[in-house]
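Need the complex rebuilt from these two chains, each delivered in its own frame; the hints are there to steer you.
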Amino acid sequence: MKTAQVVIVGGGLIGTWSAFFLAKRGFQAILIEKGVVGAQSSGVNFGNLRLQGRYPGQYPLSLRSQAIWEEIGSLIGDSCEFEKTGHLYVATNEAEQEKLEQHARVAEGHGLVIERIDRTGLRRRWPWLGEELQAATYSARDATANPRLVSPAVARAAQRLGVEIVEHACVHRVRKNGDGFTIETDTGLTVNCAAVVNAAGAWALSIAEAFGETAPMFAAGPPQFVTEPIPYRVVPSVQAVSGSVIFRQIPRGNVIFAGYPRTVADPVLNRAPVPPQKTLNGMRNLVRIAPFLKSAQVIRVWSGIEGYLPDMLPVIGESETTPGLFHAFGFCGHGFQVGPGVGAVLADLIVDGRTDTSIAPFSIKRFENDVQVSEKLAHEFDAPASPGRPE
Amino acid sequence: MSKVVIVGGGPAGIRAASVLVEAGLRPVLVDEGRRAGGQGYRAPAPNLDLDMKSLMGTEADKYSRLHALFASMRERIDYHHGTLVWGVHERALHTLADGVARTIPYDALILATGATDRIMPLPGWTLPGVFTLGGAQVILKDQGCLIGNRVVFLGSSPLLFLAALQYRKSGASVAAVVDTTPLSAKLVAMRDLMASPRTLARGVMYRTALRRAGVPLIDGATALGVHGKERVEGVRIKDGRGHERFIHCDAVAYGHGLKPETQLAELAGAHFRFDPVFRLWLPETDTDGRAGPDLYLAGDGATIGGADAAEASGALAAHALLADMGRPSPEPELARLRRQVGRLRRFQRGLARAFAWPVSQAAALPDETIACRCEAVTVGEIRAAIQTPLGPREVNRVKALTRCGMGRCQGRFCGPALQEIVSGACGEPVADVGRLRSQAPVKPIPLHAVSELEQTR
Ligand SMILES: Cc1cc2nc3c(=O)[nH]c(=O)nc-3n(C[C@H](O)[C@H](O)[C@H](O)COP(=O)(O)OP(=O)(O)OC[C@H]3O[C@@H](n4cnc5c(N)ncnc54)[C@H](O)[C@@H]3O)c2cc1C
Ligand SMILES: Cc1cc2nc3c(=O)[nH]c(=O)nc-3n(C[C@H](O)[C@H](O)[C@H](O)COP(=O)(O)OP(=O)(O)OC[C@H]3O[C@@H](n4cnc5c(N)ncnc54)[C@H](O)[C@@H]3O)c2cc1C
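For the protein sequence lines, the chains are B and F, in the order given. Counting from 1, position 229 in the first sequence corresponds to residue 229 in our numbering; the numbering is continuous, with no gaps. Counting from 1, position 321 in the second sequence corresponds to residue 712 in our numbering; the numbering is continuous, with no gaps.
Think of the hints as simulated: they come from the structure by calculation, not from any bench. Among the clues, some could well be false.
Stated by the list, open to error - If the Cβ cut is set under 10 Å, some of the chain F residues that face chain B in the computed set are:
(1) 575
(2) 788
(3) 834
(4) 838
Since we're looking at a predicted model, the values are computed, not measured. Quick reminder that beta carbons are idealized off the backbone N, C-alpha and C, glycines included.
Same shape as in the complex, but just chain F (with noise of 0.2 Å):
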């Protein structure tokens, strides 16, 4: 029988394996995280006392949901929870858990990732108390910890409400929270957004909350940089009407929606087209998630599509590979999975406009902002190894020359915004300027890892 390996347990990874547990396999499920859930349904802590059904609000229901399915097949999968996997290489996953790396062999792989936060340098954005937007939420979903006690939340994204209503719910004071992208965006992406219109209330519905509760929204801001001596002291934008202002805060939630995590995508052999609306390197795939030979992509890893989406993909990625392996297909199923998934990927992309990364801020950048938070390496730096002459021009060579994108995330954050502010300098479109080449091990591995062969010699 072959071997099928998910590598991911959010909510995409849960749905396919659970059809393929009711096709009777026993698939792998390889999760970085200690817990099922993913990103969006993260369970906290077991000893935690944090009230999810308040946190998760409207989405409590399909949180618990998620949770139980889990619970229901946890028996009949192989699940390795808290494993990383940093290389994908001849049809076997490289994993480390707990210091021990190991192979995980396959013949079927599905890569239900999930995705990180894209985020946009601005001057003092590595200042202590800065913290991105995902990574505020994962603080408080996974530890119950605040990043700050009073607030900011600033960029642009549907998520930016959603944690500011996280925030306060728990205790937090929210200073404000400052979209750049104008309201105008908001209603020209509304053809697309209506796709989903239960989504769409929702994210109306966190705006109105917060408004009642009295945090200001700002709409249409500029960010010009986060302030402080020693640590975030407040943030200084200009508003929609272009008076500048200054908003007094003791940390700064800061993101400008997702990027799906892509690298084992890459290293099993994806292909990758450049997404004029997201303005990202996406993995192709066709309807169903195939990506390649034995080969199957879900939810935000994919393409941003959000948490029903990732579930519903999920589930056509596992039939996808289930119907790959000469099994029958549920034809009606299938097919209202895809209308589902098409939806919300459309709703998606219009989130993407509705909330849109800043791209002209990146042009706007001063050259002392640093561009890359591993390796300190500035704007102007990447600026002026492009003016050389036989400067670079692509943004792997770019990174040769200036270390940017060459540390600890090897480009995960940065990526997005080397490439503008090198679309820039060179005044060439963006999709012109390369995309940063993944490799393992795509996260940091310890060297004292050692392989399970050796430690039962």
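Bound conformation, chain B alone (with noise of 0.2 Å):
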């Protein structure tokens, strides 16, 4: 038996970032890992920090987490491939040229600085760019990192500063035990603590629900590609607005790329198929923005399990029936950008018991009511139906 002021239940990014966060602040934790330190979601992600494009109401959390991230080097000992490449967004018609605008005003509205090229600006500047681009917008902040080191970094980061990080065990049972928790776990461990993070990623249904809450999640993921090392010429990430297609190259040359529809994912098998159809589907949208390509090899593809809800936002704050219980979970597919931001936030909130931030958006209890399905569910997921999929 032992005992601690927070056990954090998870360790992928959300789960390491709020732990790190909470001992920086002083607060004892324990984090409770059943597999390894950011083997899931957070150590296969596609690894981009973009700005442009997000949810409006996500930028004061967004903005504080690029923050961190532009200090990563100093804060946690590790640059982990942080670059600050910038992000191409581009549009091959007027429609999608007008959603890029909607974009950029959204965007400037929280103080970014957005560039908007056109065609001619294009070929100056990305001659390598396919001729049916039209017009692109360009955020120089925005930036990519190497997700498979940043996880066990952080985690080792927090260890440094008193963390204990226990893998291998997976937490089975949370309860209420008098103002506190206990937490059991398959391998025998139990821990009292005064609060509990569950930052459990597409598995943290159960932990909610055995506090009488709940929210309509699925797992899913993106199909993820990436090319054998070619010369280095392209410093962006570059996306298409439509969602087919996005890819970046890293200075040792490989080219990651990933596009839409996600393909349902496994949380219990542990499980996340690329059929060789999207691969072939990925490669024929690559070539089509970036011709110059068309000789590289793929050499690998993967997908990771990320939790996904209706309305494409996160379920991020304190429980609604049990106070001291944290939700952390669900990020639709960008929990790598955010990810230091919230851990920071959950580090406010479980030790001041507020944040400046605004999370209002995130909380579970908007589930109790229905919420407004994003368009994308429709566009960016397979069929058949998931649970969270309207008719």
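Here it is as structure tokens:
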């Protein structure tokens, strides 16, 4: 039997950053991870730290997060290949161009600098882009980092600050115990604590449901592909605003790309398949916007198990039923960027009982009524229906 | 009628096809090779003036017989040559030939994908002029080229002696054949090797022929490194008596036996178990090659057995498939094939002991040795990753954190060595550090590949 002020369930980005910031603020925490730190979504994602085109209500959190990313080297002693590469959003027709303009205005409202680039500008600055591209917006502050390195590095930094990290232990019971909680794992570990962070990713519902609340989360993953190394020339992340494809090149030469629709994943069997047809589709979409890549070879594909909610927004905040329980899950494919910010916000909530960063749109309470289903659900996921999908 | 697809045009695939053809089926045979024959019975490019009779030596008759068998049924199968199978998903193969991607659905699948070289990293092994042993043979048999004029055959494999003889016959000088397993290990393995006295005799004959020709044969050596400024100039070894020696050469053929090509089996749903003799993860099959519903494995792709076992196991897999379709089985014939396969595979297990995978070499590798050729990851980087707090202790995690096995070959070549390096650095048995998972594409595919549908559109 152990005791801690806080137990964090889940060693992804959310859990490790929470551990780090709690420790920084002097709280004694234990992080429990069923497998190893950073091996799920957090370790397999695309690595994009995109600021353009986010949900308007998420900008305060997103910007707080980016500021942490920009300091990652000095904060945790490892820059994890963080690079301010910029992000280029591209459009092939007027409707898409209009969408870019809407995104740009929202971003500018939050102080981001967005550059609008026309066809000629595109040809001049990125002559290797496909002919069919009409316009683009560019944000220089957007960045990338290496997801495989981040969570373990943050966990090590948290460890140095005194956090105990327990791997290969699955939390299978969380129950109220007086003012606090008792946590039990499948390895026989029991911990008494005052607060619990539910950062269990696509597996987080069982903890919420043990306390009488839930959310219509389902698991899926976008297919990711990578080519062999070719000479380095693409600096920014390039994304079709239609969602058909996104790609970036890392300085060692590999081109990483991804595209919708996402595929249903299985959190129980721990599977995130990439059907070969998606590889071919992804390849075709990439060659359309970047024809110079046509003779590069794809050497590897993968996906991950990510929790999605029908409004494409995460759950972040204190439980509605149980004070002391804090949820942060269902990041809908954008938790890499907001991860550090979410960790900082959770530390605020646990240490101060409040936070200055707006998180109201992310309350689990919103699912007590019908939520607005995002149009992305229809376009960016495979049929057949997942639990949260509209008919 | 159900559609049966065979992957692999070596002895296993060809024999499987012939059994199915005799039973009145019209199987599909998909092979990455441009010409049928597979690895051991590889046919040279048509306009090459290679004396295959002399190159194949004692195996020349079998070579001709297999190619004749293939020619005789060529019109009764659907043969896709030069066609890579890069994925298996929901009972369809995903193929690529001449830049065109197709899917081939199947009701039953026989995988006869053969083997590839197993190699243990060594200081200097990425210098130009070092080839895998199998690669050295492919270049000779496929293109009629030699890897060098003065060649050292290094490692541990029965094919060392065969390849050295083939090189000699083709005009190269063989500087030495250096076997890293001592003769004593061969004596210990004798009980299993007697399972196939004829094959054993052939091996002894190769050695004798080389010795007669004045080629130095060094047993029980330790490989210390390959040396050279821009390319291979020689190899440094410690011989069985502990003396260091430098052997001048301009090329090295290097290998430690073979490992099954099991990626497609994994994608098709086979289960794997660790085999302590081969020290490899092998797909699980019954004696006839059943590996799952409508999935059959044959030949060296299931477990290393050599060409004769490949043929016999191909026939067994085809008979198993026919039996599962409700066709009658020729029991006496099956019993004979099972005995033959059993005997030859026992022999190969003996070979695996007689020509051992140099586990201790892995532990002794200097940190600066490259472990992963594709991504240029050193042994030291792998050890350092494991030593860090919260460091990985399982090969797929080591891959994620170090890039070892993440490149072009997807760990097909560095995988077995990675297991040993991780096992050594973690102090865990090799069976406990996992195995690299396979994913489609099993080999690189170019972005300009277009699907058949688009092409006709
Ligand atoms: C393929 C892919 C590409 C992506 N690309 C991007 C991108 O470019 N940019 C971006 O911002 N976001 C991206 N994302 C999303 C981002 O990766 C995730 O939102 C983020 O990693 C979520 O972090 P997490 O900590 O909530 O989840 P996870 O990383 O899944 O961590 C949850 C952890 O909890 C553990 N756990 C679960 N249950 C228990 C239990 N009962 N006991 C103990 N441990 C438990 C799990 O094992 C897991 O390690 C992508 C996601 C995927 C899958
Ligand atoms: C390089 C090399 C050289 C060898 N030389 C000899 C020798 O000289 N003498 C000897 O006795 N043995 C040799 N062997 C051993 C050889 O494995 C066996 O003798 C015998 O060839 C095994 O027969 P098989 O039918 O199981 O496989 P193979 O003969 O290897 O045939 C397998 C076939 O499957 C094809 N294939 C594999 N994967 C795919 C895919 N994804 N898509 C499409 N096609 C695929 C391959 O291209 C190949 O044509 C050699 C092995 C190797 C790897």
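Do the hints match the structure? See the list:
Taking 10 Å as the C-beta contact cut-off toward chain B, the hint placing residue 575 (chain F) at the interface is violated, the least distance being around 42 Å. Hint on residue 788 (chain F) holds. Least Cβ distance to chain B is approximately 6 Å, under the 10 Å limit. With 10 Å as the threshold, the beta carbon of residue 834 (chain F) comes within range of chain B, its nearest partner Cβ sitting at about 9 Å, so the hint holds. Residue-level restraint check for residue 838 (chain F) holds (minimum Cβ-Cβ distance to chain B is 5 Å; threshold 10 Å).
Consistency with the previously given hints fails for number 1 only.
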